[in-house]
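Visitor: For the record, the sequence lines run as chains A and B. So for the first sequence, this note's numbering puts the first residue at 452; every next one is plus one. So for the second sequence, this note's numbering puts the first residue at 2; every next one is plus one.
Source of the hints: derived by calculation from the structure; they are not laboratory data. Note that this is a predicted model, so its numbers are computed, not measured. All C-beta atoms in this analysis are idealised placements derived from N, C-alpha and C, irrespective of residue type, glycine included. You may find that some hints are simply not true.
[Claimed, not checked] Only pairs whose alpha carbons sit at most 27 Å apart, straight line, appear in this in silico BS3-like list of lysine-lysine: (1) B:Lys55 x A:Lys520; (2) A:Lys542 x B:Lys56; (3) B:Lys85 x A:Lys550; (4) B:Lys55 x A:Lys542; (5) B:Lys85 x A:Lys520; (6) A:Lys455 x B:Lys85; (7) B:Lys82 x A:Lys511; (8) B:Lys82 x B:Lys55; (9) A:Lys455 x B:Lys76; (10) B:Lys56 x A:Lys550.
[Unchecked claim] Footprint (simulated), chain A over chain B, 3 or more residues, beta carbon under 8 Å: (11) 10-22; (12) 77-85.
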Amino acid sequence: MTGKTLTRMDLSEAVFREVGLSRNESAGLVERVLELMSDSLVDGEQVKISSFGTFSVRSKTARVGRNPKTGEEAPIPPRRVLTFRPSHLMKDRVAAGNKG
Amino acid sequence: MIRSELIQKLADENPSLTLREVEMIVSAIFEEIIGALSRGDRVELRGFGAFSVKKRDARIGRNPRTGESVQVEEKHVPFFKAGKLLRDRLNGLEGS
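Model the full structure from these sequences, guided by the hints.
Guide: What follows is the structure, given as structure tokens:
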């Protein structure tokens, strides 16, 4: 466990290593992948990336919440939330890599 | 949208790249994320969200069919939290 945090830059670098594109073009493609996925989710579509996982949008109904600090009641309006379900392959690799 | 549709859209937008190259690019991105999590690293993509690893403690599980107790070992699972921008966009708060 190295405890690092990777960013867009690291993903661009991975793309840059993979094909003969410039660093700028690589960064642009990473951005576009994230945009296309986001747009699809905002449209209410599921995004299913085989061997990675599935992003889905779920609708939550309104409920009465509570401010945990003050104990005050506050209405929570209906909203859409995003969930991610990792693929078996991803779960297995993450479990194996972090073992022991 | 599924993986192949994402690849097709990117290919349409980048006529200088072959479909095979776009496939390699998309694979490289997702592979980098899985590789990072396997090492116990986080991946933070501002506006989109963050991938991290969560530890699940060992517990006594139960075989739902036989009711038998089984020891489930500690394990690590991938976790994703959507970024604020994406959460806001999902709820129609565009451009905030």
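Visitor: Each hint needs a verdict: does it hold in this structure or not?
Guide: Evaluation of the provided hints:
no. : hint               : in the structure
1   : B:Lys55 x A:Lys520 : holds (26 Å)
2   : A:Lys542 x B:Lys56 : holds (12 Å)
3   : B:Lys85 x A:Lys550 : violated (31 Å)
4   : B:Lys55 x A:Lys542 : holds (11 Å)
5   : B:Lys85 x A:Lys520 : holds (22 Å)
6   : A:Lys455 x B:Lys85 : holds (22 Å)
7   : B:Lys82 x A:Lys511 : holds (16 Å)
8   : B:Lys82 x B:Lys55  : holds (12 Å)
9   : A:Lys455 x B:Lys76 : holds (20 Å)
10  : B:Lys56 x A:Lys550 : holds (10 Å)
11  : 10-22              : holds (count 6)
12  : 77-85              : holds (count 6)
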